[in-house]
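Q: So you can see what is in the structure, the chains are spelled out below.
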Amino acid sequence: MAGIFGKLKDKLSKTRQGLVDRIEQVFTGASKIDDDLYEELEEILIQADVGVSTSLELVEMLRETVKERKISDPKDLQEVMKEQITGKLGEKSELRLSDSKPTVYLIVGVNGVGKTTTIGKLAKHLQEGGKKVLLAAGDTFRAAAIEQLEVWGERAGAEVIKQTEGADPAAVVYDAVQAAKSRAVDFLLIDTAGRLHNKVNLMNELAKIKRVVEREIADAPHEVLLVLDATTGQNAIQQVKLFQEVANVSGIVLTKLDGTAKGGVVIGIQGETRVPVKLIGIGEGIDDLKAFEPQEFAEALFV
Amino acid sequence: MAMFESLSEKLQATFKRLRGKGKLTEADVNEAMREVRMALLEADVNFKVVKELIAKIKERAVGQEVLESLTPAQQVIKIVHEEIISLMGGSESKIQLSSKPPTVVMLIGLQGAGKTTQGAKLANMLKKQGKHPLLVACDIYRPAAIKQLEVLGAQIKVPVFSLGQVSPVKIAEESLEFARKNGHDLVILDTAGRLHVNEELMTELSDIREAVNPDEILLVVDAMTGQDAVNVAEAFHNQLGLNGVILSKMDGDTRGGAALSVKAVTGCPIKFAGVGERMDALEVFHPDRVASRILGMGDVLTLIEKAQQTIDEKKARELEEKIRKQEFTLDDYLDQMRQIKKMGSLSSLLEMIPGIGNQLKGVEIDEKDLGRIEAIICSMTPEERTKPVIIKDSRKKRIAKGSGTTVVEVGRFLKQFEQTKKMMKQLSGMPGMPGMGGAGKKSASKKGKKGKKGKKGGQRKNPLAKFPFPF
Ligand SMILES: Nc1nc2c(ncn2[C@@H]2O[C@H](COP(=O)(O)OP(=O)(O)OP(=O)(O)O)[C@@H](O)[C@H]2O)c(=O)[nH]1
Ligand SMILES: [Mg+2]
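Note that the protein sequences, when read in sequence, are chains A and B.
Note that numbering that gives the first Met the number 0 numbers the first sequence so that position 71 is 70, with each residue one more than the last.
Note that numbering that gives the first Met the number 0 numbers the second sequence so that position 440 is 439, with each residue one more than the last.
If you're looking for bench data, these hints aren't it; they were derived computationally from the structure.
Remember, it's a predicted structure, so these values are computed and weren't measured experimentally.
Think of the CB as a built atom: it goes at the ideal place given N, C-alpha and C, for glycine as much as any other residue.
Some hints here could point you the wrong way.
Chain A regions said to be covered by chain B (calculated; three or more residues, Cβ under 8 Å) [claimed, not checked]:
1. 39–46
2. 108–114
3. 145–153
4. 193–199
5. 229–235
Which chain B residues face chain A? A few, computed with CB under 8 Å, are given here [unchecked claim]:
6. 40
7. 41
8. 43
9. 46
10. 113
11. 142
12. 150
13. 151
14. 196
15. 223
16. 224
17. 250
18. 252
19. 253
Generate coordinates for the entire structure from the input sequences, incorporating the hints supplied.
A: And the structure:
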């Protein structure tokens with residue numbers, strides 16, 4: 000994903016930057032490594048939505064490493080912690096490409112997380128790389144969802160395959176797959192309606208959409224990207240689990256990292272489900288999409 | 000999420016060795032507070048809010064006599080539950096009406112929180128209460144946001160005011176004039192989603208407020224929000240001065256700890272809860288129920304209340320009797336099915352019962368199937384309905400023909416019915432929830448305790464026994 004560079008840190012808001020000192024103070028201000036310091040560290044993690052059990056686990060690991068490596072300077076703790084988190088997040092993971100045209104990505108997630116916006120950004124990025132992109136308006140439920148995608152299509156220079164509001168999304172997707180094949184586009188990005196993961200009927204509908212893609216193109220979709228809002232708390236774990244069950248999620252897009260939320264929940268998600276984070280959203284602009292860098296993310300937790 | 004479900008169990012285990020002791024000691028309470036803290040944090044209650052809450056609970060719990068009627072664990076849960084409710088405040092699901100109409104309501108919040116949908120739902124709700132609302136499209140940024148509001152407005156037959164892509168301040172101002180001229184006594188402003196740290200856009204909100212002086216500024220918060228909820232709520236509150244909060248997406252399976260966080264930092268009441276994408280999916284917010292939900296005790300109360308609205312108590316009791324004696328017939332089944340249809344979404348109802356999600360796993364509940372089942376039962380003779388065992392091949396054929404289904408389907412349904420009967424018997428024998436089934440009502444707790452001694456009492460207190468599902 001060349002081109003989606005730029006530092007995450009630069010995009011972080013001023014307010015969030017303002018917190019840096021406070022967190023750094025925890026480490027630089029402490030004279031020795033003691034229980035209080037560990038506790039403060041745990042607090043930082045919990046407040047970044049890492050979750051209690053994962054935070055406790057991380058701090059426990061840290062205690063052991065400190066013993067092993069005979070670390071005594073509090074300032075070194077932060078580095079070790081970042082190292083650990085980076086380790087938990089796994090290797091950097093690229094988007095999968097198909098050997099033959101088209102590469103198909105299915106974008107899923109709960110309501111309002113940023114699916115459509117992510118598609119717009121991704122389409123722009125791919126078009127700029129000289130690829131031909133087609134979008135499928137698979138959200139036939141939400142009011143004006145099709146129009147929203149069309150605006151993004153225009154901005155990105157990608158055509159949109161659509162039907163009308165209320166149409167069967169599987170039928171739209173079928174049309175789009177046919178169009179993608181006959182026009183020999185490089186990428187087909189499929190938008191879907193936001194759905195809460197505990198609604199059985201809607202999840203079945205998603206499974207059906209995916210089956211249509213599978214039937215029409217062997218080994219497609221090449222990615223099923225679950226979009227998670229960084230503002231979300233521990234419920235994100237449920238989201239990943241249930242979407243994975245139904246649609247076999249292959250990657251996560253973590254959006255809205257330009258706010259003050261840190262999206263720490265993905266650390267626990269990595270531990271439990273092994274679905275890698277592949278992209279991050281850092282704004283509403285068309286260029287505000289970035290490849291996920293585990294180390295950079297770990298660093299931003301303390302910013 | 001199974002972890003939260005077991006807070007009461009964990010506390011029960013913590014307090015096991017406590018039986019016989021008279022008072023809760025500090026050591027006992029400390030141990031319990033670890034579990035409570037864990038549960039609250041996993042439910043996304045903000046870290047600092049949890050700290051304060053725990054301190055308060057501890058203060059109350061230490062030294063308390065363990066009541067005769069409760070186990071020590073129940074006693075602690077009762078205190079936790081009460082403290083959460085008291086922090087949440089009472090139910091205040093009202094819109095402050097202006098003495099000089101139109102009343103102006105302004106909806107604000109982060110991107111994707113659900114402002115547009117809640118705005119339309121609110122218009123719909125107040126329209127049903129006799130108001131003449133006007134929806135105003137102040138989101139000029141998000142692609143097709145105006146169109147979205149227009150589509151929703153058309154659905155609920157509420158006019159939408161928009162000026163296209165011009166300054167939101169101007170749109171808001173002119174909408175008031177339009178409302179006055181056209182007899183709208185309520186104006187609902189849908190503003191663009193924005194980050195609380197975006198100074199320019201936060202200033203825009205202040206400008207709108209200056210221009211139209213809203214009677215209500217409501218923050219829409221996604222119920223799934225994590226620790227950041229306090230930062231968001233604080234920033235919006237400091238900038239604008241909130242009057243209340245709408246919690247959206249409560250139909251998900253989130254514990255909803257954000258509710259507590261937001262209330263704690265702003266002091267503003269949560270007025271409504273969004274519980275679905277449909278235009279009627281906006282509910283009065285009940286602090287006590289969310290307290291149970293945060294603690295992982297399910298929304299038992301909502302369920303009971305909903306059930307009671309439609310099911311006649313006496314009939315329910317008769318049914319309970321029938322289930323226990325396995326006399327439940329297909330007529331009863333049909334009856335129950337129709338009751339449930341009246342109540343709205345079946346699956347959302349089921350989700351509210353703690354522990355039931357698991358029990359019902361593998362039982363497909365497709366609401367579309369209800370119609371076919373109804374047709375099958377209606378094609379049976381009265382005798383067949385009370386004694387389904389007599390339905391053999393030729394009868395099956397007749398029933399299939401009459402109901403427009405197949406013999407296989409009829410057979411499958413009959414088998415399912417037998418299984419259901421069995422399962423219902425099991426479910427109705429389930430012990431009552433430990434702790435706060437009745438949200439702090441003493442009577443409920445007492446009966447719950449009795450239930451553990453005598454089987455019969457336990458069954459009566461079980462919400463499922465009151466409300467048997469034909470599935
Ligand atoms: N600040 C910020 N806002 C974002 C980001 N990504 C999306 N948004 C905003 O979030 C809101 C919802 O985005 P959508 O793309 O409509 O989300 P969606 O998942 O398609 O929503 P539904 O289809 O309604 O479920 C919009 O206002 C977007 O501009 C991001 O990375 N940062
Ligand atoms: Mg969308």
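Q: State for each hint whether it applies.
A: Status of the hints after comparison with the structure:
1. Counting residues of the segment 39–46 of chain A whose beta carbon lies closer than 8 Å to any beta carbon of chain B gives 3, which meets the minimum of three for the stated coverage.
2. By the rule of at least three residues with a Cβ nearer than 8 Å to a Cβ of chain B, the coverage given for the segment 108–114 of chain A holds, with 5 such residues.
3. Coverage of the segment 145–153 of chain A by chain B holds [criterion: at least 3 residues with CB-CB distance below 8 Å; count 5].
4. Residues of the segment 193–199 of chain A with a Cβ under 8 Å from some Cβ of chain B number 5, which satisfies the need for three, so the listed coverage holds.
5. Beta-carbon proximity to chain B at under 8 Å applies to 6 residues in the segment 229–235 of chain A; the threshold of 3 is reached and the given coverage holds.
6. Taken as an interface hint, residue 40 of chain B checks out: its beta carbon lies about 5 Å from the nearest beta carbon of chain A, inside 8 Å.
7. Checking residue 41 of chain B against chain A: minimum C-beta separation of about 6 Å stays under 8 Å; hint holds.
8. Evaluation of the residue 43 of chain B hint against chain A yields a held restraint, the C-beta minimum of about 3 Å falling below 8 Å.
9. At a threshold of 8 Å, the smallest CB-CB gap from residue 46 of chain B to chain A is about 5 Å, leaving the interface hint in force.
10. Proximity of residue 113 of chain B to chain A holds as hinted, the smallest CB-CB distance being about 6 Å (cut-off 8 Å).
11. At its closest, the beta carbon of residue 142 of chain B sits 3 Å from a beta carbon of chain A; the interface hint therefore holds under the 8 Å criterion.
12. The interface hint given for residue 150 of chain B is met, as the beta carbon of that residue sits about 4 Å from the closest beta carbon of chain A, less than 8 Å.
13. Taking 8 Å as the C-beta contact cut-off toward chain A, the hint placing residue 151 of chain B at the interface holds, the least distance being around 5 Å.
14. At about 4 Å, the closest approach between the beta carbon of residue 196 of chain B and any beta carbon in chain A falls short of 8 Å, and the interface hint on this residue holds.
15. Because the beta carbon of residue 223 of chain B sits about 4 Å from the nearest beta carbon in chain A, less than 8 Å, this interface hint is met.
16. Because the closest C-beta pair between residue 224 of chain B and chain A is about 5 Å apart, less than 8 Å, the hint holds.
17. Below 8 Å, beta-carbon pairs count as interface contacts, and residue 250 of chain B has one with chain A at about 6 Å; its hint therefore holds.
18. Given the 8 Å rule on beta carbons, the hint for residue 252 of chain B holds: about 4 Å separates it from the nearest Cβ of chain A.
19. Hint status for residue 253 of chain B: holds, given a least beta-carbon distance of 4 Å to chain A, under 8 Å.
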